[in-house]
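Number of protein chains: 2
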Amino acid sequence: MASSTSTPNVRPGGTLGIVGGGQLGRMIALAAAQYGLKVHIYAPDADSPAFDVAHAHTLAPYDDPAALAAFADACDVVTYEFENIPHATAAVLAEHATLRPSATALLTTQDRLSEKDFVTSLGIPTAPYRAVDTVEDLIRALEALGRPAVLKTRRFGYDGKGQRMIREGDDPAALLAEFKGVPCILEGFVPFEREISVVAARGPDGAFAAYDPCANEHRDHILALTRVPAPGLTRATGDAAIAIARAIAEALDYVGVLAVEMFEIAGSDGAARLVVNEIAPRVHNSGHWTIEGALTSQFAQTVRAVCGWPLGDTARTGGMAVEMENLIGDQADSWVGLLAEPGAHLHLYGKAEARPGRKMGHVTRLKPLG
Amino acid sequence: MASSTSTPNVRPGGTLGIVGGGQLGRMIALAAAQYGLKVHIYAPDADSPAFDVAHAHTLAPYDDPAALAAFADACDVVTYEFENIPHATAAVLAEHATLRPSATALLTTQDRLSEKDFVTSLGIPTAPYRAVDTVEDLIRALEALGRPAVLKTRRFGYDGKGQRMIREGDDPAALLAEFKGVPCILEGFVPFEREISVVAARGPDGAFAAYDPCANEHRDHILALTRVPAPGLTRATGDAAIAIARAIAEALDYVGVLAVEMFEIAGSDGAARLVVNEIAPRVHNSGHWTIEGALTSQFAQTVRAVCGWPLGDTARTGGMAVEMENLIGDQADSWVGLLAEPGAHLHLYGKAEARPGRKMGHVTRLKPLG
Chain A
1 MASSTSTPNV RPGGTLGIVG GGQLGRMIAL AAAQYGLKVH IYAPDADSPA FDVAHAHTLA
61 PYDDPAALAA FADACDVVTY EFENIPHATA AVLAEHATLR PSATALLTTQ DRLSEKDFVT
121 SLGIPTAPYR AVDTVEDLIR ALEALGRPAV LKTRRFGYDG KGQRMIREGD DPAALLAEFK
181 GVPCILEGFV PFEREISVVA ARGPDGAFAA YDPCANEHRD HILALTRVPA PGLTRATGDA
241 AIAIARAIAE ALDYVGVLAV EMFEIAGSDG AARLVVNEIA PRVHNSGHWT IEGALTSQFA
301 QTVRAVCGWP LGDTARTGGM AVEMENLIGD QADSWVGLLA EPGAHLHLYG KAEARPGRKM
361 GHVTRLKPLG
Chain B
1 MASSTSTPNV RPGGTLGIVG GGQLGRMIAL AAAQYGLKVH IYAPDADSPA FDVAHAHTLA
61 PYDDPAALAA FADACDVVTY EFENIPHATA AVLAEHATLR PSATALLTTQ DRLSEKDFVT
121 SLGIPTAPYR AVDTVEDLIR ALEALGRPAV LKTRRFGYDG KGQRMIREGD DPAALLAEFK
181 GVPCILEGFV PFEREISVVA ARGPDGAFAA YDPCANEHRD HILALTRVPA PGLTRATGDA
241 AIAIARAIAE ALDYVGVLAV EMFEIAGSDG AARLVVNEIA PRVHNSGHWT IEGALTSQFA
301 QTVRAVCGWP LGDTARTGGM AVEMENLIGD QADSWVGLLA EPGAHLHLYG KAEARPGRKM
361 GHVTRLKPLG
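Line by line, the protein sequences give chains A and B. full-length UniProt numbering numbers the first residue of the first sequence as 1 and each following residue consecutively. full-length UniProt numbering numbers the first residue of the second sequence as 1 and each following residue consecutively.
Treat the hints with care, since some could be wrong.
Stated by the list, open to error - Which residues of chain A face chain B? A partial, calculated answer using Cβ under 8 Å:
{"no.": "1", "residue": "Leu30"}
{"no.": "2", "residue": "Leu142"}
{"no.": "3", "residue": "Gly146"}
{"no.": "4", "residue": "Gly181"}
{"no.": "5", "residue": "Pro183"}
{"no.": "6", "residue": "Arg304"}
Since the hints were derived computationally from the structure, they do not count as laboratory data. All C-beta atoms in this analysis are idealised placements derived from N, C-alpha and C, irrespective of residue type, glycine included.
One chain only, chain A, in its complex shape (with noise of 0.2 Å):
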């Protein structure tokens, strides 16, 4: 038994154990074998990507407490690739390991209303928002907010899935009845100029160490493309951007790489201004773009943070610029013509089946600084 706030002595040779076994949790273990650990990954679905580059697996649901408890006792330190872990799971997974990132900031960031609540706590800007477990709630939130909102679940929400825009004209009483009855939150609609995200690291021994901010596209809620550095962005807004990243670290004792999501705003000033719209308390699909564009991964820098290890060197390599762009269900199917393409580094993540949505790999490419 070990509290998340003890030193692991964890050495190459030893057990990292990873939570959640899709191509989040299959980098991070690909990381971890460069460094010469083991891995050992815990997931539900036997068709897990991850399976495939570990030492060892647990095919369990997350409900098992034994399976779990016998997870973590054989490994060194258990981190996780996805938010979405029950309190209970972690409650148990922290009982028999050192658990990185924290349960704490686990459950912050896993419900969007007290991730929203911890934000501001700290003085940093969010969407404005409200609570909504009824009908009465919602009506009055969009007498506060205006229209165009967005009604989204508290929880389990990812890529577009669990939310819904709200316009004139919509009957809210019919859009809440989608979603069954599960806590939910009504954001204002935030106008911006530019996404943007930090991906960054923080030890146990309070060391920080952030990526350049990036500029994220989306398309239909899906992260399409990252680039960094973020065109247009200025170095002013992008140091403040790593500070707020910074502060959330902080403020959580975070061990570990969390990715913050925001959205720059042109302030009724002219100046720019920042609202964290999202935390993801470990590595990022905005962060895919380390593998090669920086000295250290998010994946590495993960390994790093949880084992206690020196953060690694986050500054770009060779000092160029960076894009990322994701494969969508049959856009992985362009494989070949991507592996011809000079230059282009292709990660296609072990998935059986291309249905639409999905995330099937990314490309990136390195161009001189334009």
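Following the hints, put chain B in place on chain A, whose structure we already have.
Just chain B now, with coordinates in the frame of chain A:
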């Protein structure tokens, strides 16, 4: 059943078989995972480092035809990480799968005598050599080649194992007796200026791509340091070295990555001259720098070549200079310091025991071209 010249239809999601479970197999497996392939490792040692990162493994001796056949049948294409594979093993593999590089490439390069006969047949210089099976052979060979000369076993030598310098005053009979009657070769001593190697790839369509030639420094017969560009190597000599590697690859109808080690010696006319020392029909320690130092690593390139995919760009990352240092035995104990060194890329192979002379990992550093 497939011949080694047929085109395997290997797609992401398919299975790459690798014979051998050491660090080279491990790094090929990691590269294959990036392309969404599954990897199946065949090795006789239970603690093979490559097992930890593979979808499947077969733990069986190299002389188990049933296990070899079942392994090959489960793979879309089979390659290997080392050349000391018995003839019969290669034959079974080639009967049940597409084996790349071919059994011919393996047979030619795993025996120092047939390798040198082959290189000589192409009109490419090697060190002077003679076959040695008896003391009489050795005495005649020493008369022809002079002293010092190097007595080597024809097969199974690596990292200085299976070789012995013969100097003035040494007793040939006593030295030969140390090799216990295995077939040997005597090589004339080459007073070289520089040891270089060319790592290159050839696809089934004849496409060829070489990395920049690198300079190698050995300590105690084990590679210690690789530098690229090779300090002092002229463009003309480098191009000549690549032309030699290409001629060798084409003559073998080679498919995969190969490394050609050469000595650069000062010719009698003052011009540089290259002699081939050894051919490795596989990825090579002197190519480890390509993981971060080139746009396509030698491991990714192996995967591309043996799968019949387009070869990748071999240009150096950002045109930088690259240095790769091996971590031998207890040198790997410095891992924390290396993790803390800005921009140093640490690789550890997951080997349980740091025996003297054992390759435990390596570290790669990229620097602006001086």
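So, against the hints stated earlier in the document, which numbers end up violated here? 2, 3, 4 and 5
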